[in-house]
Amino acid sequence: MRAFVKPAPLPPSAPASLAGTSPRQGNDVSPSGPAPRSRRIIAVGGGKGGIGKSMVSANLGVALAQAGHKVLLVDADLGGANLHTCLGVGPPESTLSDFLRRGKASLEEVMVSTGVPGLSLIAGAQDSLDAANLKYAQKQKLLRTLLSQTTADYLILDLGAGTSFNTLDFFLIADHGLLVVLPEPTSVENAYRFVKAAFFRMLQQTEARYGIQDLVEGALSTREGGLRTLHDVVAQVRRKAPSDAERLERELAAFRVRLVVNQARTDADEKVGAAMVSAWKKFFGIDMDDLGALRYDDEAWRAVRKRKPVLLERPDSLVSQGLQRIAARLVSLDGPSPESAIP
Amino acid sequence: MKPFAQQTYYELLEVPPTASDAEILAAHQRLMELYSPDSIAVYALGDPDQVDALRERMNEAMEMLTDADLRVEYDRSIGLSTERLAKAAVTAEAADKVESAARVAEALATAAAALAKAAGAVDAERLEAESRLKAAASVNDSEGEAPRESGTPGKSEERMRGEESKRQESSGMDAPSVPPEPVRVGGVAVVEAFRASFTRSLSFVYVPTSPLRGQGRGVVEAPAPAVESEASGTSAPEQAIASPAEAAPATVNAAAATVPEPVSAGDSTPAQDVAAQAPAPSNPEPTEATPSPQASVEAAEASESAEAAPAPAVEAVTETPAPQPVSEASAVTAPAESGAVATSPEPTPEASATAAVTTTQGESDPNLAPVAPALDASTTALARTPATGASRAAVRPLTSRPIDSRPAANSPTGPRAVKGPTVRKLGDAQVLAQDSAIATAESALAQVAAKVREARPRGVDIPSDAEFNGELLRRVREARGMSIQQLADRTRISVRHLENVEADRYTALPTTVYLRGILMNLARELGLDPLRVSKSYLALFSEKPAKSGR
Chain P
1 MRAFVKPAPL PPSAPASLAG TSPRQGNDVS PSGPAPRSRR IIAVGGGKGG
51 IGKSMVSANL GVALAQAGHK VLLVDADLGG ANLHTCLGVG PPESTLSDFL
101 RRGKASLEEV MVSTGVPGLS LIAGAQDSLD AANLKYAQKQ KLLRTLLSQT
151 TADYLILDLG AGTSFNTLDF FLIADHGLLV VLPEPTSVEN AYRFVKAAFF
201 RMLQQTEARY GIQDLVEGAL STREGGLRTL HDVVAQVRRK APSDAERLER
251 ELAAFRVRLV VNQARTDADE KVGAAMVSAW KKFFGIDMDD LGALRYDDEA
301 WRAVRKRKPV LLERPDSLVS QGLQRIAARL VSLDGPSPES AIP
Chain G
1 MKPFAQQTYY ELLEVPPTAS DAEILAAHQR LMELYSPDSI AVYALGDPDQ
51 VDALRERMNE AMEMLTDADL RVEYDRSIGL STERLAKAAV TAEAADKVES
101 AARVAEALAT AAAALAKAAG AVDAERLEAE SRLKAAASVN DSEGEAPRES
151 GTPGKSEERM RGEESKRQES SGMDAPSVPP EPVRVGGVAV VEAFRASFTR
201 SLSFVYVPTS PLRGQGRGVV EAPAPAVESE ASGTSAPEQA IASPAEAAPA
251 TVNAAAATVP EPVSAGDSTP AQDVAAQAPA PSNPEPTEAT PSPQASVEAA
301 EASESAEAAP APAVEAVTET PAPQPVSEAS AVTAPAESGA VATSPEPTPE
351 ASATAAVTTT QGESDPNLAP VAPALDASTT ALARTPATGA SRAAVRPLTS
401 RPIDSRPAAN SPTGPRAVKG PTVRKLGDAQ VLAQDSAIAT AESALAQVAA
451 KVREARPRGV DIPSDAEFNG ELLRRVREAR GMSIQQLADR TRISVRHLEN
501 VEADRYTALP TTVYLRGILM NLARELGLDP LRVSKSYLAL FSEKPAKSGR
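Heads up: the protein sequence lines correspond to chains P and G, in order. If you're matching positions, the first sequence starts at 1 in this note's numbering and goes up one per residue. If you're matching positions, the second sequence starts at 1 in this note's numbering and goes up one per residue.
Since the hints were made in silico from the structure, they are not lab data. The hints are all genuine.
As a list, the in silico DSBU-like pairs of lysine-lysine whose alpha-carbon atoms are at most 35 angstroms apart:
(1) Lys281(P) to Lys70(P)
(2) Lys70(P) to Lys271(P)
(3) Lys535(G) to Lys281(P)
(4) Lys271(P) to Lys306(P)
(5) Lys535(G) to Lys240(P)
(6) Lys281(P) to Lys240(P)
On a predicted model such as this, the values are computed, not experimentally measured, just so you know.
Hey, can you work out the whole structure from these sequences and the hints?
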């Protein structure tokens, strides 16, 4: 399990302090919090670049908005923001970096409208070329703000490529971690790496609470005989404190990665998602969900060329149908629809 | 959720413990595809070695679980057996307890009546047999008959299971289906034979309730698959396969056969096809009514041994392939044979039917050849005619053996491959020439016996509180007939380590972490509970003298 060996050194302060804003804590609060409706965060990641994360984010946003939800798209691809392009929004007046660096107090101030009713956008940083290197405090601010924002029913985070902590941390605050994957070895490889990295990042965040710091460090630095899976980690914790282990297990199980296979060209490609779910479960004992596949469709490509969401441009195309299906599944996963929750 | 190294075979194949063979095979195939080396979905998932290991283990799981015999043992080893057995026992017992006594009595009565009717019945049976033969002949072309009727290999398992289930569900009823075996031997010792076989069948009746090893094993486990196989719903073929064995006696020696036939063979349509084949040997029979004494003696022996060794039968795996070549060789010997017997392979349905019979009979020669080279085709051809009477007897052990050995018919190596032939042979068996059949039966039985001798220790008695030290592991390994080298090859644990483990050379062993892996692997390969073995051994290991240092 070499892939688990994440040599990247962790800022010593990160795990402990991050634990404060850890996803589950934040989300556990939200339903009973001030939000009048159930607010959901969807993060769209995938590890590899160019696999359609932004396309999926933008179109999911459109689909959900069309379904009557209030949706806020956040371009969290800090170093390579182009979600606004996917939506056909010109260079935005205000961006995330305004929020992060210019002291804008709230996200509302940097939101731009997209022309789609119910769908607004927080564009990624355009100006500063070092936007990708988000400072820790800035990230904390952003994470906290995202978690506490109440204006939208759905918050969609479009993540960048790679498995940097910045990316992973955004992925982990989400209720639905969407993993976009192409039926190609390169993409699959990166997807697995991404999920592994995400789960161990999560462990790092929780470890302080469970006193398993050593364990996680061990898992990250041992090649053989170490903790290969989350199951091992839980087993270790159980040996120390059974009650903690249960809680930890619940928390780990609560975070579910949901696969979206993009650019499926054959029927076999469409099954890759299910196969990955099955294999992942077999190897690591963790459930993923297969949300479905998007067929490879030139319409998607044409739409990007036109800088329009394919869902608006070609609502009848194969890929649009697939996107609608995925959006519907996401909504159904959240149980009772937000509308019904409206007082 | 456990990492796959610790998953049970059922978890590994993602099937419920009650899964049928078909489900297991389907799951296995699906997973093999999923984890195939060129599968995108597992690319970079783990180390390639891990995927290989997983595949290997899945193969192992499939082999283990589709072998009824091994499955029982495995279930027991993972503590599942009790449930399954309990479940099986509940069904079997319920049926048995209530009905077995009544059924046995009934069957005895029927048998008695049948005996009384025997003389007349023979003729009737023969007529019927002939008419059926015609029917079959018109349907089947002469050469393909045997294989065809025995059905496609794919269905075979269900049939086998069907048989098992038959035996289980109506063991009291089925009891008489076993007896024909002794009965036919002389047609004289019928009553004794019946009695003997009844005691035997009674033992079958009770076996399901008690988790015996040895002979019980095959039977004990049967109920579970039987229950499952109901779902697959191919009851007709199931019965079809059960019938040839029972129908054969029916035509050959009506006395014995009348009992089983109405009971189990009668109802299914395919059964008649197969039954048509069964009568085949009886065709020549009328001409030579007297069994050759020698043959009958041998047959008696054979059947005796068959009787005496239900457990051997369980291990009958190896002998099943032997008869298999029979059908393949048929084309070669057929012409010569049919000429010799003077049954002209004319296109008339009847003639072709007989031709089929003779060819199939001839087939047994090549089959026999490796076993008893003394007999060449011509001698057999000649011998066959005079000794037809014996052939019934000879054939019987053959047919009956598969029945007994049904649970074991799935060889651990290639369950599917072996199963097909086994069933086919079941059909062929009726038509085997007497001499060759005897020889085949004998050699097969010998093989069975040999196999049993070496396989017996398979269930090395391991008390539940046993300490798994090196000595015990060595004994288990030897009981499985594996050399250290073989074990090393299969587990990829070095010979040195294995030797050290078996010799309890704690100081020479690697540290706990590695040792645990070794032990788990080793235990798995030996069919033991990996966790239990590693725990037990590591406990001993940790008590090692301090100087050993780790």
